[in-house]
Amino acid sequence: MSIEAPERPKAPELFPGDEEYRRHLGGRRRKAVIFQMFCLAMLSLAVLSLATLLYTIINDSFGLVATVNENDPEEIVAGLGHDPEVTGLQDLSHDQLVGLLEANVSRGVGRRLEREQRFYEDRLVFESDATWAEICSSGGSPTGCTAGPRPHADVLQLVNERVVVPDVIASYPLVSSLLDPAGFEQEVTEEFEAGSFPDHDIEQVSIEWRAWFNPTFLTTPQNSTPEVAGIRTAILGSTWMVAITILFAVPVGLGAAIYLVEYARPTRLNEFIQTNINNLAGVPSIIYGMLGLAIFVRLLEPVTSGAVFTDGVPPSDNGRTVLAAGLTLGLLTLPVVIISAQEALKAVPDSLRHAGLALGATRWQTVRSQILPVALPGILTGTILAVARAVGETAPLIMVGAATFVTTDPTGPFSKFTALPIQIFQWTSRPQPEFHNIAAAASIALLLLLLTLNAVAVIVRNRYSRRAE
Amino acid sequence: MTAEPKIETDRGGRPFERRRRPGELVIRSFLFSCGVLSIAVTAGIVYELGKESLLFFQDERVGFLEFFTTSVWQPQVGGFGVWPLVLGTLYISLIAMLVAAPIGLAAAIYLSEYASQRVRGVFKPVLEVLVGIPTVVYGFFALTFMTPVLRSVFGANVVGFFNVASAGIVVGILIVPLISSLAEDSLRAVPDSLRQAAYALGASKLEVSTRVVVPAALSGIAAGFVIAMSRAVGETMVVTLAAGASPRNFTLGQDPLFGYVLNPFQGAQAMTGYVAITANGDLGYNTIDYNSIFAIGLTLFFITLGLNSVSRRFVKRFQQVYE
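Heads up: the sequence lines are chains A and B, in that order.
Numbering of the first sequence is given in our numbering, commencing with residue 1 and proceeding in unit increments.
Numbering of the second sequence is given in our numbering, commencing with residue 1 and proceeding in unit increments.
Chain A extracted, bound-state conformation:
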């Protein structure tokens, strides 16, 4: 008897339904490829939006402008006996600049400027000595009585604002300026022919390149004329504020992190603290601003205005000061600092703790000399990133009332101040295009500042982690 061999299948069918499987294969492959392309396209879209954002800012910060000057700076320089080819307004001496102001500005305006800030340490230009002594001895004396003389850059700005009086009547973004410079000229001419500028003569218009983001922009104070405005006041305000934020948030945040990681037993209270910190990290920044407004600006006004530290006139007449803003941002940064410091501390191996304790060190001795040095790069990196976030915050500053128009530099924690993001917000919300140009230029400054902070974070991490190895 022989066993019949089973009938072999004709086609090499691997499993039931093989034919159907093959039929679908092409479609499945196609779908897979389409899906992959879709994912890549979405990712590229995210990258593209970053590129577009940077493009928008840079595009608005440079370009051709058509300016009309009330007084031509070259003629002014020539009038003083200099060669306009060699000397510019910025090369004139302090005395010459003040002289220009004296000759061109009305006495009333001059007095107001002098009361704001003097031109010379030892003599007055617009005010008489007697009046000056009188206004400075009375209560609520103007800032000019105490502040030092105006620096060169500020006087130059005043000359620009009051004597030259530049008016940018039209501006072109960077890319259009590069591609079609003739188009701009034509556009300006057409505007003139259409009678858009009845006050100006087309002969006066000078068309030239202008970098809105330039060294002068960084070093001159805030001004209501966009053509001469700068961001020195804002940069200094941001700096003061961040200094206070760091002084407050870093010690407290680090302390809380050390407590939670090294000391806290899992009691209900400690778990509550942890949950609470996680919750705080998700609270919108504007709510911190409201807390700051209610607590630091209103409730603690005697402290934040500096009234409790002086007997006489408080340095500021309300609590809307650098100190209040710095503390508000400190509260805002606190949870971020705590969480990142906790991560860094948790990353330290337990063997170090055990070794320290086994040698008879107390808990604090172990933390201070064993754990902190190892965790330091992580803590520093996290802290710098948290501070970078605070630098860019706008909403809380609006809430605590960072003044939008301050032309004098902040001199201490009790000064009124403005900050970089506030300037950008303020300028962006103006309808005139020149304000958008300086808002873009200020955005570049802010982004560069943040970039620097991030670079510092990376450098610190690399340097310290190499040392710890």
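One or more of the hints may lead you astray.
[Unchecked claim] Some, not all, of what chain B presents toward chain A, calculated at C-beta under 8 Å: (1) 31; (2) 34; (3) 130; (4) 139; (5) 201; (6) 204; (7) 280; (8) 285; (9) 288; (10) 301; (11) 305.
[Unchecked claim] In silico SDA-like cross-links for lysine to any residue, where the CA-CA straight-line distance does not exceed 20 Å: (12) 346/A with 374/A; (13) 316/B with 374/A; (14) 205/B with 30/A.
Just so you know, these hints were derived from the structure itself, not from any lab.
Since we're looking at a predicted model, the values are computed, not measured.
Glycine included, each C-beta is placed from N, C-alpha and C at the ideal position.
Following the hints, put chain B in place on chain A, whose structure we already have.
Below, chain B without anything else, positioned relative to chain A:
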């Protein structure tokens, strides 16, 4: 007889382990108070927002019921219905999520499932840069780029200078990295054995990604979505700059739903926008305006708190599955 075990003592004859260490205690108390301060911050937020809101609702011009049921916000003439502001906030957040969810999730799937190490090295930092850009710069971007683009695409008579769409799209760009990084983390946390099992069964990469990995990481992805939503709701600067300062007052049933109430091309003030605009400038204490921003703030606080705890629940569920 055995010798007494020798006890190490300090100079005062006190055993080391029982020696009192005031320094340690001081440090411990300081660290503890740092931790407790965070509770004080929360208490401060709730207390201040609550106190001022209470003053707001006690004002005779305001009704508690009216606040939550009417839909006209006109503080100048005593219209205190919060819905126009909530509508503005939710509408902008919704548009933002419609933009950010597909981009963020697809980007995360690409980074986690497809991208080589080198590609990841290029794209990840770019997404991180997007997180680091201050929101006021995004606001500038919305106003000077997105709005003009929308106006030239859909027509300047259709799209208002301030509009919900521009604000929503830019807030969407702003929250993409939040979604993508959280989603990518949870996709990468899915064990490789699941992928290999699916490949062994003959699944294509698309099928592995969408039918195995994404469902397995779903709660982590959902957590990312909810966090992003919470961020969009609390976002202030873009909304203030691009969506305008007039609340979109409406009467349900009377106003056309799509022509007016849900028109994406006109402005609508959001809750954060109202708070920022009202506080910007000299705001007198104990005025109805001052109190009203705290009532809005409290509403906002509870919305974001709710969203954040939902997201934490999702994360916890995700961790329970894979840890």
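Original post:
Can you give the numbers of the hints that this structure goes against, from lowest to highest?
Top reply: 5, 9 and 13
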